[in-house]
Amino acid sequence: MELTLKVRKGFGGPFSLDLDCTASGSQVGIFGASGSGKSTLVKLIAGLEKPEEGEIWLDGECLFSSKRGINVPPQRRCISLVFQDACLFPHLSVEANLMYGYKRSGVGRRSVDFATLVSVLQLGELLGRGVNRLSGGERQRVALGRAILANPRLLLMDEPLSALDDGLKLQIIHYLKRAGERFGIPYLFISHSLLEIRLMTDRVISMAGGRVLAQTTPEELARERMGGSQVGYINVLQLEKLRKMGGLYVYRWELEELFISAGDEEPMAVFELSSRDIILFTRHPEAVSARNLLKCTVVDTFPSGNKVGVELRCGHETLIAEVVVQAADDLAIQARNEIYAVIKAASFRRLS
Amino acid sequence: MPLLSSADCDAIILSIKVALTATLISLPLGFLYAYLMTFFRFRAKVLLEVLVNLPLTLPPVVMGYLLLLSLGRNGWLAPLFNLFGVRLIFTWKAAVLASAIVGFPLLVRSIRIAMEGIDGRLVQASRTLGAGPIDTLLSVILPLSVSGVVSGASLMFARSLGEFGATIIVAGNMPGSTQTIPLAIYDYASSPGGERAALSLCAVAVGISVFVLAGHEALVKRLARRA
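Just so you know, the protein sequences line up as chains A and B, in that order. Under this note's numbering, residue 352 is the last one in the first sequence; the count climbs by one each step, no gaps. Under this note's numbering, residue 227 is the last one in the second sequence; the count climbs by one each step, no gaps.
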């Protein structure tokens, strides 16, 4: 997918959207805080709003050009949109919602068939239900299925996870990725959550104040923003549960064992760990109350705001820790140094 | 002596015919008008709004007189009707027109309230799923505003049954031809000894109104359950 945007749109106030960028790839993210212009951008691409001037091109086809007087209507752009809160048609059943776009897609364009989609998104049991009897996660799965069954050449996902709680988010991400891989439809994933962007995309356009700030990889963006972020860099760990010990759960992570207080009886779980919750020691610390002590190697250090990020290697896994500049200087943290990471059992937050 | 004379029966049938025709003719127009006013922005919107709602505030007699001036033999619309050989004034069709104009704002108001309650993103979702504007109108907006359509149609039908002021001026009060229930009651009420017949017609009017309103309630409840 190659999407070129050179558009301007004012709103009668000081804010205006002024973009000049090209998004290439099959899993592209658009990241920005609320009010950065992300949702307006989505509407411009989908044809639901009209730019004042400029051009929009998708895979060599002009969708909008103010100079040439072109404005392809939304129904002919073949771009489906997944909304923040699903926006399912309340007067239709789940099955009728799914078939809405499918019926309207040209027969020659249909590469996704109904039965396969229902199986991939596990929608079989929901088909006969009314949409008012679905949970938040089910609604979003149906919305995703409905958008995919329209057989679009580009899928726009406008904050599709923001209305869901953390546990459901990961479940839906699983479905989104599964559908993306199975049906090969390129998507533009819009979110204000850097973690979601990291989990869903491999390229990201960062926006603020209606302008493009940067185009980079989600990983680079996360590291860049770590220092200024309130939550630091979020490490995501997929862990296998070994046993319960005292009040703590023991999980396997590579060759290490991690003690986590937020565990449960599920055999596999995903946890998040902030870079701020990792304390570094250059020598083996003695008599530490924290339950997790990992021997790591420093792979790299990088500046981020007034902090220094430290990329650690533990076996084959990577962890990002952060320290203030002064601490980095005092400890003389450098690549290839051996270092000890100390993490409290309560620092892990369950994601799924 | 029967409770209802044959002229009374004619008046009842004509009332129902006039109200039903006025409602059925106004339905598609009212739906389109409500759609335009809800989903589009254009310059003459306020002016159109005032014109359509004018019958709500004007005395019906004024509306009737204005219609008479427009559609009468020397009215400014007379050449148009003459061209097609149509005669409206002092026929039951004039009563339909009067009822349609007076009841139209009520019909539109109900449909608009229902349409304004539709989440605009459903319309957007429909467009991005390949539906054009007319397809979206029929597959999303119409089903989601059907309770408003039912309410508006019921209100308009009931209002048309009771229409008096405009009807008597443009259609006259000819038994068997243009006399509706309210006009017949008016005749009986202003004639000595007509109280019993007037009361009988009042009972019929109340019966029809109760039937329409109860039917409306049942239908709206059924629609709400289905949603």
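One thing to keep in mind: the hints can contain errors.
[Unchecked claim] If you want the footprint, here are the derived chain A segments under chain B, 3+ residues with CB under 8 Å: (1) 79-86; (2) 91-104; (3) 183-190.
[Said to hold, decoys possible] Some chain B residues near chain A, calculated using beta-carbon distances under 7 Å: (4) Arg109; (5) Arg112; (6) Ile118; (7) Leu122; (8) Gln124; (9) Ala125; (10) Thr128; (11) Gly130; (12) Ala131; (13) Gly132; (14) Pro143; (15) Leu144.
For the record, the hints were derived by calculation from the structure and aren't laboratory data. Glycine included, C-beta positions come from ideal geometry on N, C-alpha and C.
Quick rundown of the hints versus the structure:
no.: 1; hint: 79-86; in the structure: holds (count 4)
no.: 2; hint: 91-104; in the structure: holds (count 4)
no.: 3; hint: 183-190; in the structure: violated (count 0)
no.: 4; hint: Arg109; in the structure: violated (22 Å)
no.: 5; hint: Arg112; in the structure: violated (19 Å)
no.: 6; hint: Ile118; in the structure: violated (10 Å)
no.: 7; hint: Leu122; in the structure: holds (6 Å)
no.: 8; hint: Gln124; in the structure: holds (5 Å)
no.: 9; hint: Ala125; in the structure: holds (5 Å)
no.: 10; hint: Thr128; in the structure: holds (4 Å)
no.: 11; hint: Gly130; in the structure: holds (3 Å)
no.: 12; hint: Ala131; in the structure: holds (6 Å)
no.: 13; hint: Gly132; in the structure: holds (5 Å)
no.: 14; hint: Pro143; in the structure: holds (4 Å)
no.: 15; hint: Leu144; in the structure: holds (6 Å)
Consistency note: the structure conflicts with the earlier hints numbered 3, 4, 5 and 6.
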